[in-house]
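Protein chains in written order, with my numbering: chain W, 1 to 156; chain R, 1001 to 1260; chain X, 2001 to 2780.
Take these hints with a grain of salt, some might be off.
[Said to hold, decoys possible] Sample of chain X residues lacking proximity to chain W, with all beta carbon distances greater than 12 Å (derived): (1) T2402; (2) S2469; (3) H2504; (4) V2557; (5) E2648; (6) G2742.
[To be verified] Okay, derived cross-link-like pairs now, DSS-like style, lysine-lysine, Cα gap no bigger than 27 Å in a straight line: (7) X:K2622 with X:K2596; (8) W:K7 with R:K1250; (9) R:K1082 with W:K121; (10) X:K2023 with W:K88; (11) W:K147 with X:K2596; (12) X:K2622 with W:K7; (13) W:K88 with X:K2010; (14) X:K2023 with W:K11; (15) W:K11 with R:K1250; (16) W:K7 with R:K1005; (17) W:K3 with W:K55; (18) X:K2023 with W:K147; (19) W:K88 with X:K2309; (20) X:K2015 with X:K2180; (21) W:K55 with R:K1008; (22) X:K2568 with X:K2622; (23) X:K2015 with W:K55; (24) R:K1250 with X:K2451; (25) X:K2015 with W:K7; (26) W:K3 with R:K1005.
[What the hints assert, rightly or not] Cβ pair distances, simulated, as ranges: (27) R:Y1002 with X:K2049: 23 to 31 Å; (28) X:S2054 with R:A1079: 50 to 58 Å; (29) R:R1134 with X:T2120: 57 to 65 Å.
These are calculated hints, taken from the structure and not from any lab test. Where a beta carbon is used, it is the ideal one built from N, C-alpha and C, also for glycine.
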Amino acid sequence: MTKVSMKVNGKAVSRDVPDETLLSDFLRENLRLTGTHVGCDTAQCGACVVHVDGKALKSCAALAVALEGAEVTTIEGLADGELHPMQKAFNDAHGLQCGFCTPGMIMTSVDIVNRYKAAGKALAEADIRRELEGNICRCTGYQNIVKAVSQAAGEM
Amino acid sequence: MYPTKYHKPSSVADAVALLTGGEDAAILAGGQTLLTTMKQHLAAPSDLVDVRGLGLRGITSAGGAVTIGATTTHAEVAASGKVPAALEGLAAGIGDPQVRNAGTIGGSLANNDPAADYPAAVLAMGATVNTSKREIGADDYFRGLFDTALDDDEIIIAVRFPAAERAGYAKFRHPASRFALVGVFVAKTAGSVRVAVTGAGESGVFRHAGLEAALTADWSADAVDGIEVSAEGLMSDIHGDAEYRANLIKVMAKRAVAAS
Amino acid sequence: MSTGIGARVKRKEDKRFITGRGKFTDDVRVDNQAYAAFVRSPHAHAKVKGIDKSAALAMDGVIDVLDGQQLGADGIGNLICGWAITSKNGSPMNMGAWSALATDKVRFVGNAVAVVIAETAAKARIAAEAVAVDYEELPAVARADKALAKGAPQIHDNAPGNLIFDWELGDKAATDAALKGAAHVTEISLTNNRLSPNAIEPRSAVAIYDQAEDHYTLYTTSQNPHVARLVLSAFYQVAPEHKLRVIAPDVGGGFGSKIYIYPEEIVCLWASMKTNRSVKWTAHRAESFITDSHGRDHITTARMGFDAKNRIVGFDVDTIANFGAYMSLFSSAVPTYLYATLLSGQYDIQNIHCNVRAVYTNTVPVDAYRGAGRPEACFLVERLMETAARELGVSPSELRRTNFIREFPHQTPVIMNYDVGDFEANLDQALKAADVAGFAARRKEAAARGKLRGLGFSSYIEACGIAPSAAVGSLGSGVGLWESAEVRVNPVGTIEILTGSHSHGQSHETTFAQIVAERFDLPIENVSIVHGDTDKVQFGMGTYGSRSGAVGMSAIVKAMDKVEAKVKKIAAHVLEASEDDIVIEGGQVKVAGTDKAMGWHEVGLAAYTAHNLPPDMEPGLKEGAFYDPANFTFPAGTYICEVEVDPETGEVEIVQFTASDDFGTLINPTVVEGQVQGGITQGIGQAILEQVVYDDAGQLITGSYMDYAMPRADDVPSYGVHHTSTVCPNNPLGMKGCGEAGAIGSPPAVINAITDAIGNNDLAMPATPQAVWKAIQAAQ
């Protein structure tokens, strides 16, 4: 057991956890933030994506104890009250069906737009599709997800 | 996951001591391979020695050569603007954006997955792997599938790539894993031409003498046309048998040269 | 903005998902929580000689280790297949016993042998590895054709030669005669590749036993919680129905794989009672690959005969269907009544015969996966049409047009009676939308870039709205396939719809509310949908076979009819008018042509205060209905795929995909388009990416996303999705269903396009880069 402290969705948290605890388990089981999902065991599906110190990360491939002092944002903390433009865009564009991959998709998509904006780059459909490589959706066929990201890119 | 003990040393010496002291200690860098392997119960290190607190992150260049710290992430290499375009492109094509934010060059080289991208660059560029013990030339570093010249208690510090007149990388993605089904890195450095192939060899990354000879004589995609790439010694699996991989080596070599 | 039928209403259910507040089964954690991990066979076929639990039992945190002997001793029954198929010689199907925990023999890699219950999931999993099972390995067989060969390993004693049934449909003699007299016969041999459904939410179960009440609650990832309860009670004897509550909360995709009741759910319930702990199990993805039912896996040869005018005269089909190691719940219906009955396609064919042999192999059980039987039929028919067009030297679209059924209703020779359709309308719409006229120029331009460009068609038909109960009963189904609904108008006028349909991505909370908002002219916010809980909803058959609209919504309409009748009676009484003059609009219940009116909510209040109701009327405003469809529905359409192939690598790029579908009435076009887009992507996945592969020893090669290629965003383009409409005459809303069409219609369009591009018709699914490159080499 190791005590790990980090800031999750703006709040300081501290828990004693076994060293092998993955960030995804820490969020889901220790903090009961169950919006972060786990859909595979090979770090490929992306349902578990969160932001760590401003960068998109697969929380199933990171140890909680290695993130002492980190700032973590999960889907629950993306917006306070009002929806984030990306959340709104997923609703507007029908970018989700079953909703299981959605938290990871939204966290990834926010990161994509942030990076492209910071670099002053335009975000074309082909870019969005390539950047979504690490997130698998079985329901939507991606078309409306791409549409949502494109919409939000204009609003963020 | 099996229980393990996590350590985050702040000096290379401490890290080496932990590696030596642990029953079955493993180095943790980006964790994109190690943690997923542990999650699947395919690995059970007693101790994890995190090398991300050792100050091994960053890219420096001098006289055309670049040195990349072992814990520099793929995303940092891809966006650095400090490394040759072929390396930047290679780093930008590893895994997916989230994996690139965590995975490191040192981790990739220490793991030496036969389908990883970096080994092709290191071997083709004739790079040097600087470790906690020594400097290892690329030709001595790669030993086979998931096998390198590294000792159990040896930590990669940085990788030094010499200046290249021309360098290019072309990768044909595995349809499922998105690793290299075949990747070919071509490089012309200090008068010598080297071609390294990843994803295809039964013993991991390898240099291709025929392609090197052809490109030494004529650095052009057309020069590759006349070369026979043998299927012997190449991997066969459901996504590509040896014959198909041999074809891809040739096609990727041409595309790598064209991109150089 | 309208929120009624045909309106593009934004989904009401989205908010909880986009904010991370959905409640999936693995999110459920209860008091007294323990965790299950299964001990699974590493062998494809072996005798179980003994199980040594001692090491596991001694481990920290382990509560108990349970096995199949104990399960059997407690009277838990074997898993069953619920659809009886009779072989052509009159004998019943040979169903082998499937115990939730194997006792004597294991028959596929992943077959559960025992379960460990421990304090944490990690401890359970580690302890499961410490359970020592003594296996005696047996030879194994993974391919269906090899399982039928002489000397193949015998998998179940009661299925000699591994044959489950040898079944036929149609007139063999007439079809043979027609083929004999044909001017041209096109032959084809093909496989329909085995797929893994891969809902992104892994299956999960939380079983809670209440010792004081002797009552069980099961949270589980189910498409049909009532069917789960029925089967768990009536067949597996886990608990009687009134002592078992099944809750399917938010479910992360199903695609068929969450219809069935698997060993894990049974064992968790039983183990909860045995240990007096709440028991939770969630699959990790590697476990999903070896436990979730697989789909497809057919080997087929077929002949289609044409007369001199290119009209189809006869069609003979011989299929071997791989069922895996055990018969899953609906497995036997898939390659029979959901497959052979659709072999007429969109075409007027007088003579069809189909023979199907169902076969045991040492692989994961196979059952319905999005489309279930219909994709296999469509792939066969549409590959044949394209192949025949090439052989006959005619345009593929014109060969289809020549053979289209034009008059409805149309009785096919394979049971189905098509009620309505306009196949030419779809073909013409697709031809135009895909700019097929401009294809030659695009092909030329691609050639200049060194790319091979190809065009492929698929004119699909499917049978949805599953299903008329009497009809399926006569064909062997063990259950009726109606649906139920209850419309509950509250005293303040808001409405709850309780439905037996289950939404796991289908958007019911929005579309079901739309038909209520339209009917009673109320704000859609005033309507909520309740589903997925056997304690709340009366009964229901669940969601699969594109049935929630055509069957589920029809039940709601029937219940609304009753509510409307009562509302009008109350209003007529209160307003002293004739029932016939009462109209419902704008939130009011009015007497037409007068200013006499009550608010909708006032009628609700009147019903519940019961101070002034018509004589003999019961208080309250709540009506239920069961709807049993009169016929299947027949969604149909034409898909056109355009590809570019890189001849150097064999890599295929889908450059354009055009869909024209006829789903009858659309409740919410945005939702329908989403279903089609998702379906097409799964179909493209089957065509070029996905395949479950076993080696000859029955070991699974594609056990993770490292080897099983899932379609990703950059594998596919955006599609052109278009609609025509012929209204279905057999249900009140005129709907046909849209959930499976995309997955059914798209694979042949893709393969037809690739084979057109490369000039070699011999190409199997999945058309991976390697397969395409080899086909190009073979053609040179």
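Status of each hint after checking the structure:
No Cβ of chain W comes within 12 Å of the Cβ of X:T2402; the nearest lies about 32 Å off, and the non-interface call holds. Non-interface status of X:S2469 relative to chain W is upheld: no Cβ of that chain comes within 12 Å, the nearest being about 28 Å off. Its closest Cβ contact with chain W, about 5 Å, brings X:H2504 to no more than 12 Å, contrary to its assignment away from the interface. Against the 12 Å criterion, X:V2557 stays outside the reach of chain W, whose nearest CB is about 24 Å from its own CB.
With a least CB separation of 21 Å from chain W, X:E2648 remains clear of the 12 Å interface cut-off, as annotated. Taking the minimum C-beta to C-beta distance to chain W, about 8 Å, the non-interface status of X:G2742 is violated against the 12 Å cut. Proximity of X:K2622 to X:K2596 is assessed by CA-CA distance (about 25 Å); at most 27 Å being required, the pair is judged to hold. At most 27 Å may separate the alpha-carbon atoms for a hinted pair to count; W:K7 and R:K1250 exceed this at roughly 51 Å.
The hinted pair formed by R:K1082 and W:K121 meets the criterion: a straight-line CA distance of about 19 Å does not exceed 27 Å. A hinted pair counts as satisfied when its Cα atoms are at most 27 Å apart, and X:K2023 with W:K88 qualifies at roughly 20 Å. In summary, the hint linking W:K147 to X:K2596 is not supported, as the alpha carbons are separated by about 49 Å, beyond the 27 Å threshold. Restraint check: the Cα-Cα separation between X:K2622 and W:K7 comes to about 50 Å, which exceeds 27 Å; the hinted pair is violated.
Note on W:K88 and X:K2010: the hinted pairing holds, with a Cα-Cα distance of about 11 Å set against a maximum of 27 Å. Between X:K2023 and W:K11 the CA atoms are separated by roughly 23 Å; this keeps the pair inside 27 Å, and the hint holds. Simply put, W:K11 and R:K1250 have alpha-carbon atoms about 55 Å apart, too far for the 27 Å limit, and the pair is violated. Under the criterion of a C-alpha separation no larger than 27 Å, the hint pairing W:K7 with R:K1005 is consistent with the structure, at around 23 Å.
Our distance criterion of 27 Å between C-alpha atoms is met by W:K3 and W:K55, whose separation comes to about 23 Å. Of the supplied pair hints, the one linking X:K2023 and W:K147 holds, its CA atoms being roughly 26 Å apart against a limit of 27 Å. For the hint pairing W:K88 with X:K2309, the CA-to-CA distance comes to about 56 Å; that exceeds 27 Å, so the pair is violated. About 62 Å separates the Cα atoms of X:K2015 and X:K2180, which puts this hinted pair outside 27 Å; it is violated.
Taking the CA atoms of W:K55 and R:K1008, the gap is about 21 Å. The hint holds against a cut of 27 Å. Straight-line distance between C-alpha atoms of X:K2568 and X:K2622 comes to about 14 Å, which keeps the hinted pair within the 27 Å bound. For the hint linking X:K2015 to W:K55, the alpha-carbon distance of about 24 Å falls within 27 Å, and the restraint holds. Of the supplied pair hints, the one linking R:K1250 and X:K2451 holds, its CA atoms being roughly 18 Å apart against a limit of 27 Å.
Between the alpha carbons of X:K2015 and W:K7 the distance comes to roughly 25 Å, so the proposed pair stays at or under 27 Å and holds. With a CA separation close to 13 Å, the supplied pair W:K3 and R:K1005 stays within the 27 Å bound. Taken as a hint, the range 23 to 31 Å holds for the pair R:Y1002 and X:K2049, whose Cβ atoms sit roughly 28 Å apart. For the pair X:S2054 and R:A1079, the supplied restraint of 50 to 58 Å holds, since their beta-carbon distance comes to about 56 Å.
One distance hint, 57 to 65 Å for the beta-carbon pair R:R1134 and X:T2120, is violated here, with the actual separation near 43 Å.
Comparing the model with each earlier hint shows violations of hints 3, 6, 8, 11, 12, 15, 19, 20 and 29; every other hint is respected.
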